[in-house]
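Undergrad: Listed here are the chains, written in short residue letters.
2 protein chains.
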Amino acid sequence: MTRPVQERTLKTRARLIEVAQALVASGGYEALRVEDVVSGAGVAKGTFFAHFKDKDALMERLVGAELADRLDRAEASEPPVSVETLIAALRPFHRFMTSERYVFDLILRYSGAAAIAEIGPIAQCLQRYSVLVAGWIETGAYRRDISADLLAEGVQAFSVQAMSLQFCALHRAQDFEERLALYLDAWMVPAA
Amino acid sequence: MTRPVQERTLKTRARLIEVAQALVASGGYEALRVEDVVSGAGVAKGTFFAHFKDKDALMERLVGAELADRLDRAEASEPPVSVETLIAALRPFHRFMTSERYVFDLILRYSGAAAIAEIGPIAQCLQRYSVLVAGWIETGAYRRDISADLLAEGVQAFSVQAMSLQFCALHRAQDFEERLALYLDAWMVPAA
DNA sequence: AATTTATATTGACCACGGTCATTTTTATTG
DNA sequence: CAATAAAAATGACCGTGGTCAATATAAATT
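Read top to bottom, the protein sequences are chains C and U.
The numbering of the first sequence is my numbering, which starts it at 23 and goes up by one.
The numbering of the second sequence is my numbering, which starts it at 23 and goes up by one.
Keep in mind that the hints were calculated from the coordinates and are not lab data.
All C-beta atoms, glycine included, are put in the ideal place defined by N, C-alpha and C.
There could be a bad hint or two in this list.
With a straight-line Cα cutoff of 27 Å, these simulated DSSO-like cross-link-like pairs (lysine-lysine) come out [what the hints assert, rightly or not]:
#	chain 1	residue 1	chain 2	residue 2
1	C	Lys33	C	Lys67
2	C	Lys75	U	Lys77
3	U	Lys33	C	Lys77
4	C	Lys77	C	Lys33
5	U	Lys33	U	Lys77
6	U	Lys33	U	Lys67
7	U	Lys33	U	Lys75
8	U	Lys67	U	Lys77
9	U	Lys75	C	Lys77
Here are the computed distance ranges between Cβ atoms for each label pair [stated by the list, open to error]:
#	chain 1	residue 1	chain 2	residue 2	range
10	C	Glu40	U	Ala72	37 to 45 Å
11	U	Glu97	C	Ala66	53 to 61 Å
12	C	Glu140	U	Ala36	40 to 48 Å
All chains, please: the whole structure from these sequences, using the hints.
TA: This is the structure we're talking about:
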């Protein structure tokens, strides 16, 4: 028969996450080692994998939490009314996404739900992002010939594109937000 | 002093690539193991890494060659004159990009040049893709208020977006090309 | 031909993510 | 309070990518 989760379990998992967050804070995501997490938490390696399917599952949680935090703030802020203010409102989210190449790649890899009804923390955040942006668009002075949802998908596509180029030596000269503004003006603003 | 490359070197490298291609043909990219490549080529493991910086460098070559092949064909074909025909012309390229999740992720990861003057085979192909599409756009009946280059960047961004959703359980229902057509009609076609 | 130097190859070794049979701890039952 | 069953934790072990000092081979020099 199935029994309730033991308190011990929650304690252990919390400690693993806590240690991982501390390690990330000091050395970044890419340098995180499972060995360091378990030794820091004082448990055996196998314990880690009893709590997380794999290393990426922990990463998803950590990164997802950071993304969610930035979405919380964006949702709480005044809805932007222009491309410029929209980009500003998304700045913390985008900044975090591009804070490390490793993080950016991880987010892209987990941006979609692998299986229906098993949507991970990162995919969840990207959905929230879309819904949030679509909401903003509905109340703004943007083109009306296509749906706000479609416009929001475009915002996401162009944001990813601009971030990709940010990581590219050949295009790093131009600022990310400048490029994104260029894209979004062409995408969202109604023809004069 | 620096000496010319020995013929032995070229032979070995060619054999490594040949074996790798055969293995990929039978088992796909994701399942490729360096051990299998070297044992198949009859060399030691260290030799592999004398020829390729890491496993990804081999993957870049293999995938880059496939992409280049599809670009060759696209360049040779009749320039498309509409969104529909443009999507059709890019079909082989897009098909290969989405043939395996592993391949898609690899391409995204290496889509930009890490360092100037060290542009890899995949980044090279994506640049060719952009130039090709921009050329097509210049001779077509698309919106004229923004440059063909910018329009082409958008095509790339939307293609990637549509492919991402293709890999996502929640959105797999809608066909990739249908979705891309939706995007590109909204992006490229001049308002009526 | 013998010696030297640059290049190519080797394979034992390491790092690190991940597995699993075994043991320990916790909760339940008679 | 045993005896038992379920859940949690353990750590030796594996797979695989990647390293490097040592060795072998090829070309250049005397």
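Undergrad: Against the structure shown, which of the earlier numbered hints fail to hold, in ascending order?
TA: Failing hint: just 3.
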